[in-house]
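Colleague: Chains as they are written, first to last, in the numbering used here: chain A, 1 to 1050; chain B, 1 to 493.
It should be emphasised that the hints constitute simulated quantities derived from the structure, not laboratory data.
Treat the hints with caution; some may be incorrect.
What the hints assert, rightly or not - Some but not every residue of chain B turned toward chain A, in silico, with C-beta under 7 Å:
1. 24
2. 27
3. 119
4. 138
5. 169
6. 179
7. 183
8. 185
9. 227
10. 309
Unchecked claim - Derived coverage of chain A by chain B (criterion: at least 3 residues anywhere in the stretch with Cβ under 8 Å from a Cβ of chain B; other residues may be distant):
11. 315-322
12. 524-531
13. 696-705
To be verified - With beta-carbon atoms standing in for the labels, derived distance ranges:
14. B:169 to A:857: 37 to 47 Å
15. B:492 to A:813: 49 to 59 Å
16. B:184 to A:860: 11 to 21 Å
17. A:854 to B:171: 49 to 59 Å
18. B:343 to A:281: 39 to 49 Å
For each residue, glycine too, the CB sits at the ideal point set by N, CA and C.
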Amino acid sequence: MKKCLVLLSCLLFMGGSLFGQQVTVSGTVTDADDGLSLPGVTVMVEGTTIGTVTDIDGEYEITVAPDATLVFSFVGMATQQVDVDGRQVINVQMFPDMAALEEVIVVAYGTAERGTFTGSASTISAERIESRPISNVARAIEGTSPGVQVTAGSGQPGSGQTIRIRGFGSLNATNNPLYVVDGVPYDMDINNLNPNDIDNISILKDAAATALYGNRAANGVVMITTKSGDRDRTQFNVNFNQGFSNRAIPEYDRLGPEQWTELAWETLRNELHYHQGVEMSEANQRASEELINHIHYNPFNVADDAIVGTDGRLNPNASLIYSQSTLDWEDAVSRLGNRSDLSMTYSGGTDMSDYYVSLGYLNDKGYIINTDFERLTARLNINSELRDWFSTGINVGANRVGGNNARDGSTTGFVNPFFFTRNIGPIFPIYQADPTTGEYWLDDDGNKQYDLGNHSQLGLPNRPQGASAGRHIVAETNWNVSEWTRSNLGTRAFGTIHFLDNFSFTANAGLDLNSYLFSGYDNHIVGDGAPDGRGRRTNTLTTTINLNQLLEYSNRFGAHSIDLLLGHEYYSWNYEYDYGFRQGLVTEGNFHLVNFTTTNSLTSYEHNERSEGYFSNLSYGYDDRMFFSASYRRDGSSRFYEESRWGNFFSLGASWRIDREEFMRDFAFVNMLMFRASYGQVGNNRGIGYYPWQALYSLNPNANEAGFRQASLPALDLVWESNNTTNVAVEFGLFERLRGEIEFFHRVSSNLLFDVPLPPSTGVLSRDENIGEMFNQGLEMRLAYDFFADRQYQWTLDVNATTFKNEIIYLPQEEIIQGSKKLMEGRGIYDFWVRQWWGVDPEDGRGLHYADTSIEGFNPEGDYVRVLDGDTLVTGTTYAKWDYSGSAIPDLVGGINNTFRYRNLELSVLLTFQVGGYVNESRYATLMRYSDYGQAMHANLWDNRWQQPGDQAKYPRMSQTDVSDYPNFSTLWQRDASYLNIRSVYLSYNFPVSVAQRLGTQALRVYVSAENLYMFSDLQGMNVQHSFAGVTDNTYSAARTVVLGLNVSF
Amino acid sequence: MKKISFYLILIAGVLLLPQSCSDELDVTPTQSVAEADVFTSTRNAWGAVNGIHRTMFQQAGSMNNAGHGAHMIHNDFMGDDLVPAAWQWFVRSSRWQEHDNENSAHVSDRWRLYYRIIANANMIIHNIEGAEGPARDREFILGQALAYRGFAYHNLVQFYGHRYEAGTNNDQLGVPLVLEPTTEGLPRATVEEVYAQIVQDLDEAISLLDGKVVDWDTNAPKSHITHDVALGLRARVALTMSDWSNAASAANQAREGNVLMSQAQMLEGFSDHNNPEFMWASRQIEEHTTYFHSFFAFMSYNFNSTNIRTSPKAINSELYHQISDTDIRKEHWEETAEGARERYDMPGTAVDYHAFKFEAAGGGDSRGDIPFMRTAEMYLIEAEALARDGQDGQAAQVLYDLISERDHEYELSANTGDDLIEEIMIHRRIELWGEGHRWFDLKRLDLPLDRHGTNFNSSVVILMEYPAGGPLWVSLIPRNELEANENVVQNVH
């Protein structure tokens, strides 16, 4: 409508320009972002009322004086002034108005103007998503929004990152935010979505923003909106990228065969001398003779009893008989990952309707063999205003996702490639090779054969226990199958009726279907499936139905505006599970259950969850300066007993646009200044099981007889956990260049849902109860500065950072110990509770912790007690002192986003960082403790272990027995968790329109994009971001991805 | 006007759609049964007893903690008869490191297992009165529950409590005596109190189970506790209490009507509940999915697991050499690794004194029925009790009745006094090898652990000897109990 008026006015004024010496100027106006032509751009002659607008192809023609100046303007774009200078062709690129703060954000049940919204929200636009080689949309969030902390996520292709918004609100219930896709909660895996289909992501953080999703929004809401067509622009777009991935965090630095063998010798010698009382020279002698009995393999070309001399040095004549490639297990399960991503979209519209159709195909092969992710997506989004009183729309997303997973679920599983390759000593060959010459024993076809440790009759030893005896990760990864596919159909539909001028009624319906099939096979040659082979299939079907009805009233009386919303919501979730497990493979290559002989397990069950809610919201605005909103919601959940199932939630919010006040007229440099505050309460009921209130017996048949066993106790009083958030913020824009916001939040979680441990002697280990109270309090900051913001050069630096603390206010129990953490009043959820390490006794190299002399049974005369430097210390852990030592929560976490643009070239670099906090590095600890012969050893042992009396060493003497002196959960393994990660780099070039058009396209862009380029941290190999709790694991380590891409529009 | 009414009708229609009733918010699980339904009838309550039977061999926690069977293995690893070849599952028990660590899974899972049996038994004992059905059904169910409670406390007090010392008032600490369904943590009762309760429960169970047969127990699977099994449990308890006369008489009654297996059956792998000598046994069917946690996944010679391939079990060489060559039981082990390899072409390591007593269903199938009580044990209890009671003649005869079945050349023992007791004990060790008695025997008899001069490898088991009466003869109480139950005090190591 507005455009029509402009057009009309332009036509009217055209008549006045036919005077004096004139030139006709023409050209095309394009959008600098995507290179597409821009229709509807107003082109005015400065200082006059003469002007025109660009046509459907973005072209314009205007007759002006040769020294005139043209002014190009368009909503959302920075206005440009261009001197004609006698030229006849002037092509213009329009840039987004960086200072535009009045952006529209997607919020609960609608949209809001950023400048009037009373709640706290961050947004991520399509361009920040589609340019990145991420297979999971969740990965677009890291570093872009203050108040959000993420884990690194697995490197398994397709996997996402775990997200925490504003700290940790719950002890046992979920801390995950609610995902909402196109206005309806989304319970399926977010990696079903094609990132190219996403128009924007809004992250709603405070109660004023989330209260309308009150029953599930305690941990914030991630609103994902898919693209829709543009009514006056029909286009066909192809985006293709192709690239590679490898391991982002390199493996821990471990000792090579020579040094490793010397330390194995030293371990044995120390065992003999210090633990079995063998005299030192004899121990040296025996260690040299007996070493082979412990490491089993002799990888050197010297006699078995002469690998290491009695001086502890490797025999100078020794050289490796195996090639490097036969000893490198990590290399054998790794490859260069390969990623191809193709998306095609077709979108456009008419006066009444718009449409968006897309097809996408992604094939992401991980850097570990046999791990991949494949996705085929289709989407159709249609919106239509059929009548002036009726509009409707439907979104359909269908996709099939699948792949092979690495079996990294169990951190110490022999089938976990990371566990296996990280911890195997460096002397064990992958392939069968002659133990004296190192030459491969080839099979009849001339292929190398895996050394499975079962050829002792041929003279091949079996690896010792520490080297995963009897298992073989290369063979097992190659021969086992862990294949899954998911077929999804997600539909969203709405209809809105406008009536009585100010009323509207909307009905939304969402149906999500997810069919999952897992097929697993454990081979019959080596590993868990040997000797019969076994297969399993899991089949699940998840059906989610979301229905809501909204009645809205909206009106303006002079300076007053009022919006009222009444709504009802119904949610139903059903999960059907079938599982079969059989063994005894009949014929090779067919892993269907029919092809096995014996049934081990065959079962099925279902889960159901339902909830219902009524909600209302009232918004009031005065003179576009002051805004208030209030909402109330009442929800019932099937997880609670009928008498306690309903919870009430509410929010209040206000914002004040100070810059729009009279008294601000004089401060022209203030482009925007807003103060806002909110308080509200939202609920949480997820993550605690589906039937927590019910006293149940689980089915437990005994042979062929029916049986059941006590499983849970009743919890009739269980109610909603609630989050009460106070939020205060200031947003500002200054000098047209600087924008920022500072936001304070205080979030109190009460009625914490907690699985309270009961004394095991009562027979049931725990019961869900509402216990305790906890708060998260923090400050979020964001500052963006445009160093350059003109037509040719743009440079914007956008920094965000968050600091917060977490503290338990009240617990009914004095303390609850969970692994390396202890929950207590006044302490945080991730405060480390670990043994207090003192150091190494210079006399004999024993590792010592401070003693806790108050432990019952402590005997000051005990042989485990040592007094050094006036401290009472102990060997072993029984009397070791435990104490609080730091927290896994960092002091500061955030992102730094740099965007440079020079003409058609754009470079954006996203850095993410964390300052402070600790990691309890159990993976490193494992490599630093030689508990079993055959295990890998960390390179830090070489220079830092105790070797002889008087050594001031950081780490104790080599010993198998003593390793229990320094287990995990000790300050010895606490590492600084600070890091800086080059998270994403994006470089693109938009071909000039003339070039693009000559090539038969409307716009053409090439780009290079990379993820996880490099991480700086305290220790190579350490995955600082593995978990919020500051622990590490042997899971699939994050991937680095680099792709080259092409984006063409027709 | 017409238009407006059209809207109103439409809106009213749509608004009515979402009407839902609050019943919608009631959902029930499909994998479980409401507690309220369990004790409505004796038929249902019988399901609760079966749940306990299953618990006896079900994995709960780590892989080496599958029910009572797993703790039978732990007990033998802690003793001096079973020799592990390499550092593998259970070896920390050989080193006596598990029960010395209040956080170890072994310590907490064992505690959990028997207290779980007790809690389920308590639910039955507490609620059976209200179950509809014939009185005899209720008595049968109650008898089983009481027997289980006595059995569970006996296992708990022997491990976590101090040794029962006959002739003293036994006021040393035992374990908490939980006799009602509760969520409160109770303090540790004295050893005397615990044994008094065990005896009371078992005596009541014996009388309730006497002559009981119920309709739905016609095929009487071996997993159920019969009158004989309850008597057998009573005999075990009396033996621990050095109550020789009750031990002898209960064992004698228990074995009455029960037979010994044939020599051929001795070599069938101790894994079939149909074995006539099994008085009480688990029954593992395919659907129970035994994976790697079954008793036979660790104790058999033939299951193809990393554990068995790399750390086969052997018998103490000194004990082996005391077995007569004509004794069929000598076939349970092979003296040399070469012999073992000849006997079975195994995919892994073979060792001297390699055990072949237990056999899993197959190399890829760890199933097997665990013998919880055999007739032979009753003979051995009776013989030992009689001998310790000074009735050498009768003792030698009972021993003869058993051993002559195992060794046709065996002759009635001429030994008397300590020599006879020693002979009985040697046969007890040979006969019950791997069935979970040895550590409790050492403890009840106040003997030291001595692994010297045998095939025990000190670098594997570390601990080669431990004096009688030392603090490690009692396990630490698990940390999770101490944390949730302030009334419980820890043992001192």
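Colleague: Checked against the structure, which of the hints given earlier come out wrong?
Modeller: 4, 5, 6, 9, 11, 14, 15, 16, 17
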